[in-house]
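Using this note's numbering, read the sequence shown as starting at 581 and increasing by one per residue.
Take these hints with a grain of salt, some might be off.
Pairs of lysine to any residue residues, derived as SDA-like cross-links and limited to a Cα-Cα distance of at most 20 angstroms, are as follows [stated by the list, open to error]:
#1 Lys915 x Ala746
#2 Lys915 x Leu648
#3 Lys786 x Thr847
#4 Lys786 x Gly714
#5 Lys915 x Ile830
Hints were generated in silico from the structure; no laboratory data involved.
These figures come from a predicted structure and were not determined experimentally.
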Amino acid sequence: MKLFLKILAGIAGLIIVLVAGLAIALLATAVTPDHPVGFQQFVVADPGHKPVAVAVWYPTDTPPGRALVGTMVMRVATDAPVKGAGLPLVILSHGTGGAAQSHIDTALALASAGFVVAAPTHTGDNFRDDAIVGTSAWFVDRARQISLVTDFMTDRWASHAQVDPARVGVFGFSAGATTALIAAGGTPDIARFAADCAAHPEFVCKLGVPGATLVNPPAWPRTPRIAAAVIAAPGLGFSFAPAGLADVKIPVQLWQGAADERVPYATNAGVVRQLLPQPPEFHSVPGAVHLSFLTPCGLIGPPPLCSDPAGFDRKAFHRDFNAQIVAFFERNLPKR
581 MKLFLKILAG IAGLIIVLVA GLAIALLATA VTPDHPVGFQ QFVVADPGHK
631 PVAVAVWYPT DTPPGRALVG TMVMRVATDA PVKGAGLPLV ILSHGTGGAA
681 QSHIDTALAL ASAGFVVAAP THTGDNFRDD AIVGTSAWFV DRARQISLVT
731 DFMTDRWASH AQVDPARVGV FGFSAGATTA LIAAGGTPDI ARFAADCAAH
781 PEFVCKLGVP GATLVNPPAW PRTPRIAAAV IAAPGLGFSF APAGLADVKI
831 PVQLWQGAAD ERVPYATNAG VVRQLLPQPP EFHSVPGAVH LSFLTPCGLI
881 GPPPLCSDPA GFDRKAFHRD FNAQIVAFFE RNLPKR
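Sequences are here, hints too, so could you generate the full structure?
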(Lines of atoms letter the chains of each structure in order from A and count residues from 1; the text may use other names and numbers.)
(Lines give C-alpha, C1' and ligand atoms only; values in the text may rest on other atoms or scores of the structure.)
Protein backbone atom coordinates (compact mmCIF):
# COMPACT_ATOMS: atom_id res chain seq x y z
CA MET A 1 0.00 0.00 0.00
CA LYS A 2 2.83 2.39 0.90
CA LEU A 3 4.53 1.60 -2.42
CA PHE A 4 1.30 2.32 -4.29
CA LEU A 5 0.92 5.67 -2.52
CA LYS A 6 4.52 6.56 -3.30
CA ILE A 7 3.94 5.76 -6.99
CA LEU A 8 0.72 7.78 -6.98
CA ALA A 9 2.46 10.72 -5.32
CA GLY A 10 5.25 10.51 -7.87
CA ILE A 11 2.78 10.56 -10.76
CA ALA A 12 0.94 13.51 -9.22
CA GLY A 13 4.21 15.37 -8.80
CA LEU A 14 5.16 14.69 -12.41
CA ILE A 15 1.79 15.97 -13.61
CA ILE A 16 2.22 19.15 -11.57
CA VAL A 17 5.69 19.71 -13.05
CA LEU A 18 4.42 19.10 -16.59
CA VAL A 19 1.43 21.41 -16.16
CA ALA A 20 3.59 24.11 -14.61
CA GLY A 21 6.12 23.74 -17.41
CA LEU A 22 3.40 23.99 -20.03
CA ALA A 23 1.94 27.07 -18.36
CA ILE A 24 5.36 28.75 -18.28
CA ALA A 25 5.96 27.84 -21.92
CA LEU A 26 2.57 29.22 -22.95
CA LEU A 27 3.24 32.48 -21.14
CA ALA A 28 6.69 32.70 -22.70
CA THR A 29 5.17 32.39 -26.19
CA ALA A 30 2.44 34.99 -25.60
CA VAL A 31 1.72 37.19 -28.62
CA THR A 32 3.25 40.53 -27.65
CA PRO A 33 2.51 43.81 -29.47
CA ASP A 34 5.08 46.59 -29.86
CA HIS A 35 2.97 49.06 -27.84
CA PRO A 36 0.39 48.54 -25.05
CA VAL A 37 -2.92 47.15 -26.29
CA GLY A 38 -6.23 47.00 -24.46
CA PHE A 39 -8.72 44.18 -24.90
CA GLN A 40 -12.44 43.75 -24.32
CA GLN A 41 -15.04 41.07 -25.00
CA PHE A 42 -18.81 41.61 -25.05
CA VAL A 43 -21.95 40.75 -26.98
CA VAL A 44 -23.94 43.04 -29.25
CA ALA A 45 -27.70 42.64 -29.45
CA ASP A 46 -28.97 41.69 -32.91
CA PRO A 47 -32.77 42.11 -32.87
CA GLY A 48 -34.52 39.07 -34.28
CA HIS A 49 -31.30 37.04 -34.17
CA LYS A 50 -28.83 35.65 -31.65
CA PRO A 51 -26.53 38.26 -30.09
CA VAL A 52 -23.10 38.60 -31.68
CA ALA A 53 -19.96 38.02 -29.58
CA VAL A 54 -17.29 40.64 -30.28
CA ALA A 55 -13.61 40.95 -29.31
CA VAL A 56 -12.01 44.40 -29.41
CA TRP A 57 -8.36 45.45 -29.35
CA TYR A 58 -7.29 49.10 -29.04
CA PRO A 59 -4.38 51.36 -28.02
CA THR A 60 -3.95 52.06 -24.31
CA ASP A 61 -1.40 53.40 -21.83
CA THR A 62 -2.11 50.66 -19.29
CA PRO A 63 0.69 48.09 -18.79
CA PRO A 64 -0.40 44.72 -20.19
CA GLY A 65 -0.99 41.45 -18.43
CA ARG A 66 -1.68 38.08 -20.02
CA ALA A 67 -5.01 36.83 -21.35
CA LEU A 68 -5.88 33.43 -22.77
CA VAL A 69 -8.19 33.47 -25.79
CA GLY A 70 -8.82 30.01 -27.21
CA THR A 71 -5.39 28.38 -27.28
CA MET A 72 -3.52 31.67 -27.68
CA VAL A 73 -1.98 33.79 -24.92
CA MET A 74 -1.85 37.55 -25.52
CA ARG A 75 -0.09 40.33 -23.65
CA VAL A 76 -2.95 42.84 -23.32
CA ALA A 77 -4.54 45.13 -20.73
CA THR A 78 -8.05 43.76 -20.26
CA ASP A 79 -10.77 46.44 -20.04
CA ALA A 80 -8.18 49.22 -19.86
CA PRO A 81 -9.01 52.81 -20.91
CA VAL A 82 -8.67 53.66 -24.60
CA LYS A 83 -5.79 55.97 -25.56
CA GLY A 84 -6.29 58.64 -28.20
CA ALA A 85 -9.01 60.42 -30.15
CA GLY A 86 -10.23 60.27 -33.74
CA LEU A 87 -9.04 56.66 -33.92
CA PRO A 88 -9.52 54.57 -37.07
CA LEU A 89 -11.64 51.42 -36.82
CA VAL A 90 -11.04 48.09 -38.57
CA ILE A 91 -13.65 45.31 -38.52
CA LEU A 92 -12.27 41.75 -38.86
CA SER A 93 -14.37 39.02 -40.50
CA HIS A 94 -13.11 35.47 -39.92
CA GLY A 95 -13.49 32.51 -42.27
CA THR A 96 -15.97 29.66 -42.08
CA GLY A 97 -15.71 27.75 -38.81
CA GLY A 98 -13.47 30.41 -37.30
CA ALA A 99 -13.85 32.92 -34.48
CA ALA A 100 -12.81 36.39 -33.36
CA GLN A 101 -9.44 34.97 -32.27
CA SER A 102 -8.58 33.59 -35.73
CA HIS A 103 -6.46 36.66 -36.51
CA ILE A 104 -5.16 37.71 -33.09
CA ASP A 105 -1.71 38.72 -34.31
CA THR A 106 -3.14 40.94 -37.04
CA ALA A 107 -5.53 42.55 -34.56
CA LEU A 108 -2.68 43.20 -32.12
CA ALA A 109 -0.48 44.68 -34.85
CA LEU A 110 -3.22 47.09 -35.87
CA ALA A 111 -4.11 48.06 -32.29
CA SER A 112 -0.43 48.57 -31.47
CA ALA A 113 -0.29 50.99 -34.43
CA GLY A 114 -3.24 53.02 -33.12
CA PHE A 115 -6.30 51.31 -34.61
CA VAL A 116 -9.41 50.10 -32.83
CA VAL A 117 -10.10 46.56 -34.06
CA ALA A 118 -13.45 44.81 -33.62
CA ALA A 119 -13.84 41.15 -34.54
CA PRO A 120 -17.26 39.50 -34.40
CA THR A 121 -17.59 35.75 -34.03
CA HIS A 122 -20.20 35.32 -36.76
CA THR A 123 -23.35 33.71 -35.39
CA GLY A 124 -24.33 30.70 -37.47
CA ASP A 125 -20.83 30.30 -38.89
CA ASN A 126 -18.15 29.70 -36.29
CA PHE A 127 -16.26 26.85 -34.67
CA ARG A 128 -19.25 25.98 -32.48
CA ASP A 129 -22.17 26.74 -34.79
CA ASP A 130 -22.49 26.14 -38.54
CA ALA A 131 -26.27 26.59 -38.81
CA ILE A 132 -26.20 28.98 -41.77
CA VAL A 133 -23.21 27.62 -43.71
CA GLY A 134 -24.14 26.89 -47.31
CA THR A 135 -27.48 28.73 -47.13
CA SER A 136 -28.56 32.17 -48.36
CA ALA A 137 -28.20 33.45 -44.79
CA TRP A 138 -24.51 32.52 -44.92
CA PHE A 139 -23.97 35.47 -47.25
CA VAL A 140 -26.63 37.83 -45.92
CA ASP A 141 -26.23 37.44 -42.14
CA ARG A 142 -22.47 37.70 -42.14
CA ALA A 143 -22.57 41.00 -44.07
CA ARG A 144 -25.36 42.29 -41.84
CA GLN A 145 -23.24 41.54 -38.76
CA ILE A 146 -20.43 43.71 -40.17
CA SER A 147 -22.86 46.63 -40.39
CA LEU A 148 -24.23 45.85 -36.92
CA VAL A 149 -20.79 45.83 -35.28
CA THR A 150 -19.61 48.92 -37.17
CA ASP A 151 -22.65 50.89 -36.03
CA PHE A 152 -22.20 49.69 -32.46
CA MET A 153 -18.52 50.64 -32.34
CA THR A 154 -19.08 54.11 -33.81
CA ASP A 155 -22.37 54.96 -32.05
CA ARG A 156 -22.84 52.97 -28.83
CA TRP A 157 -19.55 51.43 -27.65
CA ALA A 158 -18.50 52.89 -24.30
CA SER A 159 -15.52 54.59 -26.01
CA HIS A 160 -17.24 55.39 -29.31
CA ALA A 161 -16.46 59.10 -28.93
CA GLN A 162 -12.78 58.23 -29.47
CA VAL A 163 -13.50 56.52 -32.81
CA ASP A 164 -13.62 58.47 -36.08
CA PRO A 165 -16.68 57.15 -37.99
CA ALA A 166 -15.15 58.37 -41.26
CA ARG A 167 -12.04 56.18 -40.83
CA VAL A 168 -13.45 52.65 -41.11
CA GLY A 169 -11.77 49.69 -42.78
CA VAL A 170 -12.54 46.00 -43.05
CA PHE A 171 -10.36 42.87 -43.11
CA GLY A 172 -11.80 39.59 -44.33
CA PHE A 173 -10.33 36.11 -44.70
CA SER A 174 -11.78 33.33 -46.87
CA ALA A 175 -15.58 33.47 -46.52
CA GLY A 176 -14.93 36.60 -44.46
CA ALA A 177 -13.33 38.15 -47.53
CA THR A 178 -16.59 37.73 -49.44
CA THR A 179 -18.41 39.10 -46.39
CA ALA A 180 -16.16 42.17 -46.49
CA LEU A 181 -16.71 42.66 -50.22
CA ILE A 182 -20.50 42.46 -49.82
CA ALA A 183 -20.43 44.94 -46.94
CA ALA A 184 -18.31 47.27 -49.08
CA GLY A 185 -20.78 47.19 -51.99
CA GLY A 186 -20.27 43.85 -53.74
CA THR A 187 -23.26 41.99 -55.17
CA PRO A 188 -22.85 38.22 -55.53
CA ASP A 189 -25.30 36.17 -57.56
CA ILE A 190 -25.80 33.28 -55.15
CA ALA A 191 -28.63 31.86 -57.22
CA ARG A 192 -25.83 30.58 -59.50
CA PHE A 193 -24.09 28.78 -56.64
CA ALA A 194 -25.18 25.25 -57.60
CA ALA A 195 -24.31 25.76 -61.26
CA ASP A 196 -20.94 27.31 -60.39
CA CYS A 197 -20.12 24.40 -58.09
CA ALA A 198 -21.09 21.91 -60.78
CA ALA A 199 -18.63 23.63 -63.13
CA HIS A 200 -15.76 23.75 -60.61
CA PRO A 201 -16.45 21.64 -57.49
CA GLU A 202 -13.91 23.15 -55.12
CA PHE A 203 -13.73 22.91 -51.32
CA VAL A 204 -16.44 25.45 -50.53
CA CYS A 205 -18.96 23.47 -52.58
CA LYS A 206 -18.76 20.64 -50.03
CA LEU A 207 -19.95 22.86 -47.18
CA GLY A 208 -23.45 23.41 -45.96
CA VAL A 209 -26.73 21.77 -46.88
CA PRO A 210 -26.58 19.38 -49.86
CA GLY A 211 -29.01 20.43 -52.57
CA ALA A 212 -29.93 23.71 -50.85
CA THR A 213 -31.33 26.37 -53.17
CA LEU A 214 -29.78 29.77 -52.61
CA VAL A 215 -31.86 32.86 -53.30
CA ASN A 216 -30.61 36.42 -53.73
CA PRO A 217 -32.10 38.80 -51.13
CA PRO A 218 -34.15 41.85 -52.16
CA ALA A 219 -31.26 44.02 -50.95
CA TRP A 220 -27.77 43.21 -49.70
CA PRO A 221 -26.57 44.56 -46.33
CA ARG A 222 -24.11 47.41 -46.81
CA THR A 223 -21.72 49.31 -44.57
CA PRO A 224 -21.26 52.64 -46.38
CA ARG A 225 -18.67 53.81 -43.85
CA ILE A 226 -16.10 51.28 -45.11
CA ALA A 227 -13.35 53.27 -46.82
CA ALA A 228 -10.70 50.57 -47.39
CA ALA A 229 -10.55 46.76 -47.39
CA VAL A 230 -7.96 44.03 -46.97
CA ILE A 231 -9.11 40.82 -48.66
CA ALA A 232 -7.13 37.67 -47.80
CA ALA A 233 -7.52 34.35 -49.65
CA PRO A 234 -11.08 35.14 -50.76
CA GLY A 235 -13.42 32.19 -50.99
CA LEU A 236 -16.60 32.29 -53.09
CA GLY A 237 -15.06 34.77 -55.52
CA PHE A 238 -16.77 32.90 -58.33
CA SER A 239 -20.14 34.03 -56.97
CA PHE A 240 -19.57 37.55 -58.31
CA ALA A 241 -20.92 38.14 -61.82
CA PRO A 242 -19.05 40.52 -64.21
CA ALA A 243 -20.64 43.63 -62.67
CA GLY A 244 -20.75 42.22 -59.14
CA LEU A 245 -17.92 44.34 -57.74
CA ALA A 246 -18.54 47.51 -59.75
CA ASP A 247 -19.70 49.37 -56.63
CA VAL A 248 -16.65 48.48 -54.53
CA LYS A 249 -15.02 51.83 -55.25
CA ILE A 250 -12.53 51.84 -52.39
CA PRO A 251 -8.85 50.90 -52.12
CA VAL A 252 -8.39 47.13 -51.75
CA GLN A 253 -5.35 45.11 -50.71
CA LEU A 254 -5.72 41.55 -52.03
CA TRP A 255 -3.76 38.50 -50.80
CA GLN A 256 -3.50 34.97 -52.19
CA GLY A 257 -1.43 31.97 -51.15
CA ALA A 258 0.43 30.68 -54.20
CA ALA A 259 0.01 27.09 -52.95
CA ASP A 260 -3.66 27.47 -51.95
CA GLU A 261 -5.52 24.48 -53.40
CA ARG A 262 -8.56 24.94 -51.15
CA VAL A 263 -9.44 28.32 -52.65
CA PRO A 264 -7.89 28.36 -56.16
CA TYR A 265 -6.74 31.67 -57.58
CA ALA A 266 -8.53 31.35 -60.93
CA THR A 267 -12.03 31.10 -59.46
CA ASN A 268 -11.56 33.32 -56.42
CA ALA A 269 -8.83 35.94 -55.98
CA GLY A 270 -8.38 36.05 -59.76
CA VAL A 271 -12.05 36.88 -60.22
CA VAL A 272 -11.97 39.54 -57.51
CA ARG A 273 -8.79 41.05 -58.93
CA GLN A 274 -10.30 41.26 -62.41
CA LEU A 275 -13.70 42.66 -61.39
CA LEU A 276 -12.67 45.40 -58.96
CA PRO A 277 -13.07 48.82 -60.63
CA GLN A 278 -9.75 49.99 -59.15
CA PRO A 279 -6.78 47.60 -59.52
CA PRO A 280 -6.06 46.23 -56.04
CA GLU A 281 -2.70 46.14 -54.34
CA PHE A 282 -2.09 42.45 -55.02
CA HIS A 283 0.19 40.09 -53.07
CA SER A 284 0.84 36.47 -54.05
CA VAL A 285 2.62 34.64 -51.22
CA PRO A 286 5.02 31.88 -52.34
CA GLY A 287 4.47 28.61 -50.48
CA ALA A 288 1.40 29.82 -48.56
CA VAL A 289 -1.66 27.58 -48.36
CA HIS A 290 -5.14 28.68 -47.37
CA LEU A 291 -4.74 28.43 -43.60
CA SER A 292 -1.34 30.12 -43.64
CA PHE A 293 -3.24 33.39 -43.16
CA LEU A 294 -4.46 32.32 -39.71
CA THR A 295 -2.56 33.42 -36.61
CA PRO A 296 0.66 31.43 -36.15
CA CYS A 297 0.02 28.70 -33.60
CA GLY A 298 1.58 28.60 -30.15
CA LEU A 299 2.56 25.40 -28.36
CA ILE A 300 -1.03 24.19 -28.45
CA GLY A 301 -3.05 24.25 -31.64
CA PRO A 302 -5.08 21.91 -33.86
CA PRO A 303 -2.67 20.38 -36.41
CA PRO A 304 -5.06 20.99 -39.36
CA LEU A 305 -4.96 24.73 -38.61
CA CYS A 306 -1.26 24.89 -37.83
CA SER A 307 0.31 22.93 -40.69
CA ASP A 308 2.15 24.63 -43.53
CA PRO A 309 4.24 23.24 -46.39
CA ALA A 310 7.83 22.29 -45.64
CA GLY A 311 10.04 25.35 -45.68
CA PHE A 312 7.23 27.86 -45.17
CA ASP A 313 7.68 30.01 -42.06
CA ARG A 314 4.25 31.28 -41.01
CA LYS A 315 5.65 33.53 -38.28
CA ALA A 316 8.05 35.23 -40.68
CA PHE A 317 5.28 35.63 -43.25
CA HIS A 318 2.93 37.18 -40.70
CA ARG A 319 5.52 39.77 -39.70
CA ASP A 320 5.45 41.06 -43.28
CA PHE A 321 1.71 40.41 -43.73
CA ASN A 322 0.78 42.46 -40.67
CA ALA A 323 3.23 45.24 -41.51
CA GLN A 324 1.77 45.52 -45.02
CA ILE A 325 -1.80 45.61 -43.65
CA VAL A 326 -0.95 48.32 -41.12
CA ALA A 327 0.76 50.40 -43.81
CA PHE A 328 -2.19 49.97 -46.19
CA PHE A 329 -4.76 51.13 -43.65
CA GLU A 330 -2.53 54.01 -42.53
CA ARG A 331 -2.36 55.24 -46.13
CA ASN A 332 -6.05 54.81 -46.84
CA LEU A 333 -7.60 55.79 -43.50
CA PRO A 334 -5.52 58.93 -42.89
CA LYS A 335 -5.94 61.28 -39.95
CA ARG A 336 -8.32 64.17 -40.58
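**Message:** Going through the numbered hints above, which ones does this structure break? Give me the numbers in ascending order.
**Reply:** Hint 2 contradicted; others consistent.
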